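K.L.:
Given next are the chains, with one letter for each unit.
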Amino acid sequence: MTRRVSLIKNLDWWTILLYALLVFLGWINIYAAVYNEEHQSIFDISQRYGKQLMWIGAAAVLAIVILIVESKFYSAFAYPTYLFMLILLIAVLVLGRDIKGAKSWFELGPIRFQPAEFAKFATCLAISRYVTQYNFKIHKIKSLFISAVILFTPMALIVLQGDAGSALVYSVFLLVLYREGLSGIVLFLAFIAALLFVFTLLWPKFTVLLIIVCSSLIVAKTYGLKWPAFAKAILSLGACLALVWLVAKGLKIEISNYLILIISLGINAVPFLVHAYKKKLQNVAWTILIVFGSIFYTFSVGYIFDNVLEIHQRTRINELLGIETNPYGSGYNVAQSKIAIGSGGFAGKGFLNGTQTKFKFVPEQSTDFIFCTVGEEWGFVGSSFVLILLLTLILRLLFLAERQRSSFSRVYGYGVACILFFHLTINVGMTIGLAPVIGIPLPFFSYGGSSLWSFTILLFIFLRLDANRLELLR
Amino acid sequence: MNNFSNRIYVIGGIFVLVVLIFMIKLFNLQIVDDSYKLSAENNSQRQVTQYPARGLIYDRNGELLVYNQAVYDVMVIPKQVKVFDTLDFCTLLGIEKLDAIKKLEQAKNYSYRRASIFLKQLSSEKYAVLQEKLYKFPGFFVQPRTLRKYPRQSAAHALGYLNEVNNKEIKADHYYSQGDYIGKSGIELTYEKDLRGEKGKKIYWVDVYNRIKGSYRDGKFDKQPISGKDLVSTLDIDLQEYGELLMQNKKGGIVALEPATGEILAKVSSPGYDPEMLVGRVMSKNYRALVQNDSLKPLFDRTLMAQYPPGSIFKMINALIGLQEKVINPFTRFECHNGYHVGSFTMGCHSHASPLDLRQSIMHSCNAYYAHTFRYIVESPKFGSVNNGYDVWRNHVMSFGLGQRLGTDLPHELKGGIPTLNYYQKKYRRKNLRALNMISISIGQGELLITPLQMANMCAAIANRGHYYTPHIVKSIGKEKGVDEKFTAKHETSIDPSNFPSIIDGMEMVVTGGKGSTGGLAAIPGIRVCGKTGTVQTGRVDEEDHSVFIAFAPRENPKIAILVYVENGVWGSRYGAPIAGLMIEKYIRGEISNSKKWIEKRMLEADLIHQVDKNKKISQSNNH
Chain A
1 MTRRVSLIKN
11 LDWWTILLYA
21 LLVFLGWINI
31 YAAVYNEEHQ
41 SIFDISQRYG
51 KQLMWIGAAA
61 VLAIVILIVE
71 SKFYSAFAYP
81 TYLFMLILLI
91 AVLVLGRDIK
101 GAKSWFELGP
111 IRFQPAEFAK
121 FATCLAISRY
131 VTQYNFKIHK
141 IKSLFISAVI
151 LFTPMALIVL
161 QGDAGSALVY
171 SVFLLVLYRE
181 GLSGIVLFLA
191 FIAALLFVFT
201 LLWPKFTVLL
211 IIVCSSLIVA
221 KTYGLKWPAF
231 AKAILSLGAC
241 LALVWLVAKG
251 LKIEISNYLI
261 LIISLGINAV
271 PFLVHAYKKK
281 LQNVAWTILI
291 VFGSIFYTFS
301 VGYIFDNVLE
311 IHQRTRINEL
321 LGIETNPYGS
331 GYNVAQSKIA
341 IGSGGFAGKG
351 FLNGTQTKFK
361 FVPEQSTDFI
371 FCTVGEEWGF
381 VGSSFVLILL
391 LTLILRLLFL
401 AERQRSSFSR
411 VYGYGVACIL
421 FFHLTINVGM
431 TIGLAPVIGI
441 PLPFFSYGGS
451 SLWSFTILLF
461 IFLRLDANRL
471 ELLR
Chain B
1 MNNFSNRIYV
11 IGGIFVLVVL
21 IFMIKLFNLQ
31 IVDDSYKLSA
41 ENNSQRQVTQ
51 YPARGLIYDR
61 NGELLVYNQA
71 VYDVMVIPKQ
81 VKVFDTLDFC
91 TLLGIEKLDA
101 IKKLEQAKNY
111 SYRRASIFLK
121 QLSSEKYAVL
131 QEKLYKFPGF
141 FVQPRTLRKY
151 PRQSAAHALG
161 YLNEVNNKEI
171 KADHYYSQGD
181 YIGKSGIELT
191 YEKDLRGEKG
201 KKIYWVDVYN
211 RIKGSYRDGK
221 FDKQPISGKD
231 LVSTLDIDLQ
241 EYGELLMQNK
251 KGGIVALEPA
261 TGEILAKVSS
271 PGYDPEMLVG
281 RVMSKNYRAL
291 VQNDSLKPLF
301 DRTLMAQYPP
311 GSIFKMINAL
321 IGLQEKVINP
331 FTRFECHNGY
341 HVGSFTMGCH
351 SHASPLDLRQ
361 SIMHSCNAYY
371 AHTFRYIVES
381 PKFGSVNNGY
391 DVWRNHVMSF
401 GLGQRLGTDL
411 PHELKGGIPT
421 LNYYQKKYRR
431 KNLRALNMIS
441 ISIGQGELLI
451 TPLQMANMCA
461 AIANRGHYYT
471 PHIVKSIGKE
481 KGVDEKFTAK
491 HETSIDPSNF
501 PSIIDGMEMV
511 VTGGKGSTGG
521 LAAIPGIRVC
531 GKTGTVQTGR
541 VDEEDHSVFI
551 AFAPRENPKI
561 AILVYVENGV
571 WGSRYGAPIA
581 GLMIEKYIRG
591 EISNSKKWIE
601 KRMLEADLIH
611 QVDKNKKISQ
621 SNNH
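Top line first, the protein sequences correspond to chains A and B.
135 is the number that UniProt numbering gives to position 135 of the first sequence; each next residue is one higher, with no gaps.
585 is the number that UniProt numbering gives to position 585 of the second sequence; each next residue is one higher, with no gaps.
Chain A extracted, bound-state conformation:
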């Protein structure tokens, strides 16, 4: 079943070109971010751009090695690689070095290495392998459960290291599973959950409850509820509200509007549920369940927010939502980052002429906030160009993934595209104040060997698989 074909000929050179361009642009911007008049040589190893150049060289070697390896190796060794990474993730908890509150780095002499970065491709391989196993059925609880275990194990270990940001990346596999047949409702629910999370923090709980009730009524109406039934539902809810209110008044019980609404909803739900059960109306039952699920969820959001999240995580979310503003304290990074990007204007201040990033107003300017340098020195034109370049690469990957004959390769390709997308969204979103400050790198741009290598491995394994797409069947 194998056909020997030339590796060189079958490689997707477009992707490689995009990759090379992005890495080059990234390096240029790191140079600009740390540039000062004292050190001007681009090969200065004591400076970050010099080091990054070394790492780019190493990444090129790494890419070639990955391409030389037989493509079957990757699916065959998916599980061992995954297990090995898990062991590293556990080991770093014990042997790792504490840097900025996260214990996620190994340190061997001058070299530092972050296993969480490499766990991404290993997990991607493992999940691709599992999803394409013959006994995997997307709607079987067992299959979903094992997929969840594959994803949550590294996630939990990374959270334990104190690097919640890197752990969040794994949530993006939901999109991959969606491509493999996971119900769209799950995606929709995840979206609703995110929306409710924000609403719950922004508005009083009564408002949120009202939104839930109204929107579920509208949804019910649009999805087939007839006028008479709809009217009945509203009338009975209204009657219930009035009744509860009167009773509360009559008994002189101090009771909030919020509670009145919940009690009325509860009373109302009973006959509707009975009705739905008798008539076998699944939709009605679901709607009611979702309404109550949402109410419970809004409660737990408050609880989780106050009790599970750490203070800095809470303030970052509050800053993002504008609940708390402190441009000199917790919001300093984002405020400075927005100034830097905003001051870039249409065409930017020009290469090496950025003042905001150079004067070190923006913290972490060569790692997590590298996009500021792009925005400031290259303006709207440059930052849009970089965004479009990254988007093109990601869309290209989706296209490549779809042309695979082996489902393993396809799932893996989706995984790569989605991981890159997640990093892009969070990293750029944070610099322009659309996402909370979560310290994850911008692919190919941010300074750092671990992240560059991990993205290189991630991408080139897929390119290797793609080059053999005609040989591989699963």
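Since the hints were derived computationally from the structure, they do not count as laboratory data.
Hints are not guaranteed to be accurate.
Claimed, not checked - Straight-line distance between alpha carbons at most 20 angstroms, and here's what the computed EDC-like set of lysine to aspartate or glutamate pairs gives: (1) K149/B / E63/B; (2) K349/A / D34/B; (3) K349/A / D33/B; (4) K475/B / E413/B; (5) K479/B / D194/B; (6) K133/B / D88/B.
Unchecked claim - Label pairs and their in silico Cβ distance ranges: (7) S227/B / I218/A: 52 to 60 angstroms; (8) Q404/B / A269/A: 55 to 63 angstroms; (9) D34/B / F399/A: 35 to 43 angstroms; (10) I146/A / N166/B: 52 to 60 angstroms; (11) S177/B / P204/A: 38 to 46 angstroms; (12) F188/A / S5/B: 19 to 27 angstroms; (13) I211/A / K193/B: 40 to 48 angstroms; (14) F188/A / A489/B: 53 to 61 angstroms; (15) S5/B / I218/A: 28 to 36 angstroms; (16) K280/A / N6/B: 26 to 34 angstroms.
Claimed, not checked - Chain A residues, not near chain B, derived (Cβ > 10 angstroms throughout): (17) I16; (18) L25; (19) R48; (20) G162; (21) W227; (22) L241; (23) L265; (24) K278; (25) V301; (26) N307; (27) L390; (28) V428.
Since the structure is predicted, the reported quantities are computational estimates derived from the model, not experimental observations.
By construction, the Cβ of each residue, glycine as well, lies at the ideal position given by its N, Cα and C atoms.
Once you have looked at the hints, place chain B on chain A.
P.N.:
Relative to chain A, chain B alone:
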């Protein structure tokens, strides 16, 4: 391929949508909204921080204690510096050429494009000359600053001093930037946030020669500075100065409180220093001198940080506890035969009539009386054991605010220490203690450690007949804000007010009881002064005992409660009592009556520091 391949459009759509949203936001940030552009025009504009005037500090009678004086920092932006006439420049500023080159080099190292301080605190006169010629020196400009000025040159410890912020402080509070000043001690530290105000900024257009061409966008982005709030201190500066005068050439401290409010009227730590020493360019030199080269530690605030045994002034506390626990009454008498003797144990006392009742015991400061009282308390059968008795005793003591931080509004306050049961158990390696183990604390010796502020507060609590207010030094902040709630909260001691009169009788007899009274030099004609002496053994053969005195006056509705602690002052009656008497008279009458001038003269002339050798142990035989 499977039948879900259409979902690529959903997923791809999400990706495109997100990037689109980002681009819209970028468009808004970079093109529509121009408030972010401001920083871009750094080359043609200059942002000058407008420093607010720091709040002034007044004394309780409205006398100005601290104000501001303008000086000018010469700033430099190395990138804009052109070749200039160094000689002219150096003569203008009055510095050496080499020095100027070094300073410029330092500025370059800090940042090429950001302004840094070239020369600090140029006086107004020099600035006036420089101003005219500044256009010749592109890259240099001047930033006005203020320094503190002290018209009365007094109360240095209480007022505190300012210094440049260090990196740790900048990190902790983003309000500060390099070169800003921050309160480092005293009121300046505690009330830093009220005093500092809020910085403003002004943005100017400047031409290539660095001359100001006008306000940037008509001041659209300028921010006016907000001046700091003025403080009114509780200090009476005349009393404070008088106290410092009386304490000259002596080591120790005075704390005077207003019992009805807990306000600190005077707070002298001696030797002190002139507050002007820690201002401006001379500061670092003087600071080093004060810290390193002065063995008397003038920066050390003895009133808050020295922890001394209280000596006999502590007898009142034991008497009060005895009365409260009903193990003695005002008419209880104890024998004293030159001391307290049990078996082989002896605690000495001086010669006086025997037996004495409670009032007389205070007047004569009888040690034996308090050894008995203390034993009666801790050995009282109602407590079951000495251990329990000691705990009860200790709780009573703590209720006077001893052995804990009082929570005053001055920084660096220390706790002192009342030994715990556990401490004695470890020390004597026994579980069940005996009263004799800790008998020395009955007369305020031994392991008791109390700060002068706590002693003064204890005196105020006695003057108030059983309650006190946390001592504090600021009366009001700004125009409206009064004193913090915690300073108006009444703290009750565990002693019933009905137990105080007999003690206070005793204290009055200390001052005006005639023959045998120990604090006669504190007496003031026409004012009923109540006091108590203390003579604290230092535990060192080569050092004289400390002289301690607490007092309050007048007896009814006391206006002042005071502690005087003179290190190596031999007896409480020698320095403590007269100084306390003078302070009280000064505060209540405003001047010293003629009949007491000789005491004042003697106190002012007394020198316990420079004549240490001569004074050292005048004669061993004289020592009790």
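K.L.:
Would you list, in rising numerical order, the hints stated earlier that this structure does not obey?
P.N.:
Of the numbered hints, 27, 28 do not hold.
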